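Student: The listed protein sequences correspond, in order, to chains A and B. Numbering of the first sequence is given in this note's numbering, commencing with residue 1 and proceeding in unit increments. Numbering of the second sequence is given in this note's numbering, commencing with residue 1001 and proceeding in unit increments.
Please keep in mind that the hints were generated in silico from the structure rather than gathered at the bench. Just so you know, these numbers come straight off a predicted model, no measurement behind them. From the three backbone atoms N, C-alpha and C, an ideal C-beta is built for every residue, glycine too. Each hint should be verified, as a subset may be incorrect.
[Said to hold, decoys possible] Residues from chain B that face chain A, not an exhaustive set, calculated with beta carbons under 10 Å: (1) Leu1073; (2) Pro1076; (3) Thr1123; (4) Ala1125; (5) Glu1135; (6) Gly1139; (7) Met1140; (8) Ala1147; (9) Met1149; (10) Ala1152; (11) Asp1155; (12) Ile1198; (13) Pro1201; (14) Leu1204; (15) Lys1245; (16) Arg1251.
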Amino acid sequence: MTENVRDAGYDDLLDAIEAGEGFYLRCANGHGSLPPRRACPHCGTQALEQEPLPESGEIETYTVVHVATPEFAEDTPYVTAVVNFGPVRLTGQVRGIDPEDVSTGLVVGVGVEQTATMGERLLIFRPR
Amino acid sequence: MTTVRVAGVGLTPFGVQPERTARDLFAEAGLAAIADSGVDRDDIEALLYGNFMGELAEHQGHQGPLMAEAVGLDVPATRFEAACASSGVALRQAVKNIRNGEADVLLVGGAERMNNLGTAGATEALAIAADDLYEVRAGMTFPGAYALMARAYFDEFGGTREDLAAIAVKNHDNALPNEYAQFRKTITVEQALSAPMIASPLGLFDACPITDGASAAVLVSEDYAKRHDIEATVAVTGTGQGGDKMALQDRGDLATSPAADKAAKQAYEDAGIGPKDVDVAEVHDCFTIAEVLAIESLGFFERGEGITAARDGKTTRSGSLPVNLSGGLKAKGHPVGATGTAQLVEMTKLLRGDHARSDAIPGASVGVCHNAGGTVGSAVVHVLEVVA
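With the hints as extra help, turn the sequences into a complete structure.
Tutor: Listed below in C-alpha cells is the structure:
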C-alpha cells in the first residue's frame, strides 16, 4: 500500500459505501464490475455507468483464516467471504457473527471498517 | 516445425535452505541440466528464467542476466513472471522460440528463495499474486483463496475434508524415494484431519510447504539433436496457456479453473492427443483442492468426480492415471518460480525411466504437466511424449 495517496476509484467506492451510497459499474451490455475500470472486464465495452449497489447480498463462499499476513496478524481468526450482490461480487470480512455460525447463503449488508492490526480500511459484511 | 526435445534436466534439492541465494540455487540446477544434456555450453543461445518474489525475498529484480552469469553463460536472458506459473510460461516461450526457428538450444528454468522471509513474510509475499485492492486488503491469503474455492467446490459438487486428505496422503507417499523432495515421510488421513486449521476447510496438511529450490532444462531442436548426436528421447509435443480474471470475485464460477481448461485444450490439440492418451500427470497441487481442479480441467475426470479420485485409488501409483508421482508440490515442495520447470524435470525423468518412481508406469509414453499461477488466473499445460 502506498502511504497517503488515494487509489482513485477504489477509495471512491469505499467512501461511497461508508456514506451508504455504494455503487458498481454497469456496462452497456449489462455486465457488472468494480472500479477503477476503463473497460468492462467481461466484454471490453468502454461505456460504463455507476449504478446503486444492491442493499444486501448472499455469502457465496467463505473461509475462517487462522494464518494471516503480518498486516492481519491481530485480526485472526477472521472470516473472509465472497458475497454475491447480483451484478457484482465483493470480497471482504464477515463481522457481527460468530465465525462458526457463518454459512453460505447468509444474507449480509456491506460496510467499511478498520482492521485490528493496522487500522486500515476494509470492506466488511454484517448479517442483515 | 521442428520437434522440441528435452536434452537435459537439473534440480536442486527442494526444502528449507534459507541461507542459499537464488543465484546459488539456480547455478546448481542450471549446471546440472547442462551436464545432463551433453550439449556444448557455447551452443546455448539464451536463458528463459522464471521467478516470482525476488524483489521481496532478496531485493533483487532484473534476475535474467544475474542467472545467466551464475551458470557462466554470456547470453540474452529474460525473467518471466506469472506467479506460481512463472517458469511454466518461460518453458512455453522457449518451446515456441525453438519451433519458430529462432533458436536451436535454450536453457529454461526457475528459482525461488522463500524461507529467509519466515512464514509470515512468505505468506505476505505469496498474497501479492492476488488482487491487491479487492482481495489482499480484505485479508485474503493464498491458503484462504484456495479455501474459498474448496468450499465452493464442496457446495457445488460435494466432497469432504477426508477426500482432500487422501490426496495429501497419496502425494506424501509418492515422494518417499524422491531424493529431491522436501517431505519424504508418509502421513495418514487421521493426521491430516487433526492438523491445525490454516483457512477452513484447509488444514496444515492440505497445504504445500514453503520451499527454496531451483530447476532447469536444456531444450534443443530435432535438427540440433541429430547433428550433435544428443540422446533426447522425450519431446515437448504440446503447449497451451489460458487466462482468467485476476480476482475470484470476478470469475464466472469458483469451483472450476477455466484458465486450465483452455490451456489443456490448446495443449492437447497442439500435440494431437486427448486426455485418454495420457499415461501420467504432474499437476499443480499447491493445495489439495488444486489437484482436484487440475485433474478435472485436464479432462481426466468429469466435474465433481476429481474429488474422490485419490480416495478411490484412481490417481495413486497403481491407479489408472498416476498423478504427482514426484510427490507433487504438496510433498516435493513448491519454490514457486521453479515449479513449472521442476514438473518438466520430473516428467522427463519419469518418461526416460530414470526417476525413482518410473517403475510405477512401465512403458508410459505420454505425460502432461499442469502449472497454475495465482488462483489459476494463469495456467500453462505441456504435453511430453517419448519420441525415440
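Student: State for each hint whether it applies.
Tutor: Evaluation of the provided hints:
1. Annotation: leucine 1073 of chain B was flagged as interfacial toward chain A, and the flag is violated, the nearest CB pair being 37 Å apart, outside 10 Å.
2. The beta carbon of proline 1076 of chain B is not positioned within 10 Å of any beta carbon in chain A (closest approach about 34 Å), and the interface hint is therefore violated.
3. With a cut of 10 Å, the hint placing threonine 1123 of chain B at the interface with chain A holds, because the nearest CB-to-CB distance is about 5 Å.
4. For alanine 1125 of chain B, the suggested interface contact is upheld, since its CB lies about 9 Å from the closest CB of chain A, less than 10 Å.
5. Hint status for glutamate 1135 of chain B relative to chain A: holds, with the closest Cβ pair at about 6 Å, below 10 Å.
6. Hint on glycine 1139 of chain B holds. Least Cβ distance to chain A is approximately 5 Å, under the 10 Å limit.
7. For methionine 1140 of chain B, the suggested interface contact is upheld, since its CB lies about 6 Å from the closest CB of chain A, less than 10 Å.
8. At about 4 Å, the closest approach between the beta carbon of alanine 1147 of chain B and any beta carbon in chain A falls short of 10 Å, and the interface hint on this residue holds.
9. Interface hint status for methionine 1149 of chain B: upheld, as the beta-carbon distance to the closest one in chain A is roughly 7 Å, under 10 Å.
10. Hint status for alanine 1152 of chain B: holds, given a least beta-carbon distance of 4 Å to chain A, under 10 Å.
11. Because the smallest distance between the Cβ of aspartate 1155 of chain B and any Cβ of chain A comes to about 6 Å, under 10 Å, the interface hint for this residue holds.
12. For isoleucine 1198 of chain B, the shortest C-beta to C-beta distance to chain A is roughly 5 Å, which falls under 10 Å, so the interface hint holds.
13. Interface restraint check for proline 1201 of chain B: the shortest CB-CB distance to chain A comes to about 8 Å, inside 10 Å, so the restraint holds.
14. Taking 10 Å as the C-beta contact cut-off toward chain A, the hint placing leucine 1204 of chain B at the interface holds, the least distance being around 9 Å.
15. Residue-level restraint check for lysine 1245 of chain B holds (minimum Cβ-Cβ distance to chain A is 6 Å; threshold 10 Å).
16. The beta carbon of arginine 1251 of chain B is positioned within 10 Å of a beta carbon in chain A (closest approach about 9 Å), and the interface hint is therefore held.
The earlier numbered hints that this structure contradicts are 1, 2.
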